[in-house]
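J.: Listed below, chain by chain, are the residues.
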Amino acid sequence: MHLKYESTLREPLVDGVKDYHQVTEDIISPIEAKPGKLWYIGLFISIALLLFGVFSVFWEVYFGTGVWNLNKTIGWGWDITNFVWWVGIGHAGTLISAILLLFRQGWRTGVNRAAEAMTIFAVMCAGQFPIWHMGRVWMAFFVLPYPNTRGPLWVNFNSPLLWDVFAISTYFTVSLLFWYSGLLPDFATVRDRAKTKLRKMLYGVASFGWTGSTKHWQRHESLSLVLAGLSTPLVLSVHTIVSFDFATSVIPGWHTTIFPPYFVAGAIFSGFAMVQTLLIITRKILGLEDYITLGHIEAMNKVIVLTGSIVGVAYLTELFMAWYSGVQYEFDTFYKFRAAGPLGWSYWIMMTCNVISPQVFWFRKMRRNIMVTFIMSIIVNIGMWFERFVIICTSLYRDYLPSSWSYYRPSWPEVGFYLGTFGLFFTCYFLFAKYFPVIAVAEIKSILKTSGKNFKDKMDVYEEQSVEKFAHDNTAHH
Amino acid sequence: MAVKKFVVGSFDDEAVLFPAVKKVRQAGYKIHDVYTPFPVHGLDHAMGLRETSLHTAGFIYAITGTTTALSFMSWVFTTDWPMNIGGKPHFPLPAFIPITFELTVLFSAVGMVMTFMYLCQMAPFVKKHIFHPRQTDDLFVMAIEVSEKTNAEEVKGFLSSVGAKEINEQTAEAGWWLGRFDREDKVFAK
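Chains as they are written, first to last, in the working numbering: chain A, 37 to 514; chain B, 559 to 748.
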């Protein structure tokens, strides 16, 4: 048999007594059941937020970007802060599905589907900000290189802002393909179990006629592996390119070579925090504690403490370089305008949330505590939002000309727009949690025999027997 | 496209399925396909299937993406509209790398997924015969083609001897057709 054998010492990835059918039953039955009251309340709030966001955006487009509190000094405010924050959130999904697949991390199977969905919704939210920031959005297609009537005048391929266009759209497309190709077999499972005609029809269309043929599985696995291989450098490139938006400029506080790795680490940090926030709620509401176990939560907390510490090292490196480089402007930006200065409060929120607080996860007890994890995940998300804010606003609000120095606070359409993307994100997530298998059913089944609790227990009995047999044989021999 | 006769056996464990596949092949019966709820590693080898070349296709698409991006940007900036952007050179290769990389990935991913769909004949509204409703749940279903020479009863007996739990005979369209899963089969090619 080619089924791999995993150490019995390792914590099981699937708890409880399960066979293949039970796995299907546990994960698919929430799709077939009526949603609870909480789901309706959640969806209602999300849609309300979304509508408020739509109204804010309408306001901004109708009256112009002047309704935002941006000015000549601070040309990027909440909009680009939110853009970078949302893109960062997306990264954990790809990391879980691609990098952990290549590294053969079995625990990814419990969380990858929801994390990938999160990626797609987060990138959808992120993309909104640069687009509406353009002001005359009806000309947004100008960023695409197409034969046109203006010359032909092409776009500037030297500009990091254009690289962003390619990076984000490629990232979205590839994540969507990866996610959907993984969903096909699970849609087929829902289809074949369906009792109502409507469900059979809809999931039949969505499953593209998947049957589970061996040849199809073989190609599917090849596809997943190559897509993972492509997504791994892709996810690193996307946030690297986002960091180029800043790093290639000559603004003190932005112009540093540490930005690409530092942004990537920060993205993974905030992304994992968001995965924790979502999954802790999802597993509770859908009763999936057997599949998203404490082991999964602990594994993700380890990633959080690692990436959080990398981010912390990056902050300290920046401070060191600002001093060591001997550049007055760099020194002032970091020591006078960030750490002190009128917007200094945001810097200290960032430091507390991102560097100090995640250190609690050095303790196993804390890593395995659901409540601590949940609160920490929120803190990290706040901290990472402030990181983007600190980088953008505290670099811009004190520029080379003291006469143009200003302070920045957002206007209501900026806040409304941000809330609106929360609405979009959670509306999508609520619909996903109701109508899609939130856990990759087929993938869980493929690790069940090696990592399920049921099978591990059997293996323990088997090992005990063989130890006894060994002892018996040895005594008989002497 | 042809309606064929099949003997269908369902197994409830992949550990039973593997030796069964081997024995069925040794006995000389033609396995139409084996349907599993999850990828069973090594089953393709046991069935004697050829390795897929999908990844090779992916590589070709990737190279296409690289070439497209590099040649297009070079053409635009050196030949079609050589514009002076802040005194930068007209052929700034390092600045082309991010977009070249993104297009390489994009071409490869999109191309591979489309090739995957084409090879597996998958698309919305494509319908295929499902031999057992639980083949996407917890059963491993083997469909053996019955020709004029094979005796269906004999195949059934053989399947049960190698550990199949549920065995039956089905007449079904072997390929795919356009249709919906909530409707009765309307096979266009008979």
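FYI, nobody ran anything at the bench for these hints, they're computed from the structure.
These figures come from a predicted structure and were not determined experimentally.
From the three backbone atoms N, C-alpha and C, an ideal C-beta is built for every residue, glycine too.
Heads up, some of the hints might be wrong.
Derived list of chain B stretches under chain A, where covered just means 3 residues or more per stretch with a C-beta under 8 Å from a C-beta of chain A [as the list claims (entries may be wrong)]:
#	region
1	589-598
2	610-619
3	645-655
4	688-697
5	701-709
6	721-732
Derived CB-CB ranges, DEER-like [claimed, not checked]:
#	chain 1	residue 1	chain 2	residue 2	range
7	A	G187	B	T626	18 to 24 Å
8	B	I621	A	T388	35 to 41 Å
9	A	A375	B	F617	46 to 52 Å
Short derived list, chain A residues pointing at chain B, Cβ under 10 Å [unchecked claim]:
#	residue
10	A230
11	L238
12	Q364
J.: Taking the beta carbons of B/I621 and A/T388, is their distance inside 35 to 41 Å?
T.: About 49 Å separates the Cβ atoms of B/I621 and A/T388, which means 35 to 41 Å is violated.
J.: At a Cβ distance under 8 Å, does chain A reach at least three residues of the region 721-732 of chain B?
T.: With 0 residues in contact (Cβ-Cβ under 8 Å with chain A), the coverage given for the region 721-732 of chain B is violated.
J.: According to a criterion of three or more residues whose C-beta lies within less than 8 Å of a C-beta of chain A, is the region 688-697 of chain B covered?
T.: holds (count 7)
J.: Apply the coverage criterion to the region 645-655 of chain B and chain A: a residue qualifies when its Cβ sits closer than 8 Å to a Cβ of the chain, and three qualifying residues are needed.
T.: holds (count 4)
J.: Hint says 46 to 52 Å; check whether the CB-CB distance for A/A375 and B/F617 agrees.
T.: holds, 50 Å
J.: Hint validation: A/A230 versus chain B, beta carbon distance must be below 10 Å. Holds or violated?
T.: Holds - the Cβ of A/A230 comes within 10 Å of chain B, reaching about 8 Å at its closest.
J.: So is the region 701-709 of chain B in contact with chain A by the C-beta rule, three or more residues under 8 Å, or is the coverage claim wrong?
T.: violated (count 0)
J.: How does the region 610-619 of chain B fare against chain A when you require at least three residues with a CB closer than 8 Å, holds or violated?
T.: holds (count 4)
J.: Less than 10 Å between beta-carbons is the criterion; does A/Q364 satisfy it with respect to chain B?
T.: A/Q364 check fails; min Cβ-Cβ to chain B is 25 Å, beyond 10 Å.
J.: Mind checking the CB of A/L238 against every CB in chain B and telling me if the closest is under 10 Å?
T.: Since the shortest Cβ distance to chain B is 9 Å, the answer is holds.
J.: A range of 18 to 24 Å was offered for this pair. Does it hold for the Cβ distance of A/G187 and B/T626?
T.: At 21 Å between Cβs, range holds.
J.: For the region 589-598 of chain B, do three or more residues have a beta carbon lying closer than 8 Å to a beta carbon of chain A?
T.: Holds: 8 residues of the region 589-598 of chain B have a Cβ under 8 Å from chain A.
Violated hints, listed in ascending order, are 5, 6, 8, 12; each of the other numbered hints is respected by the structure.
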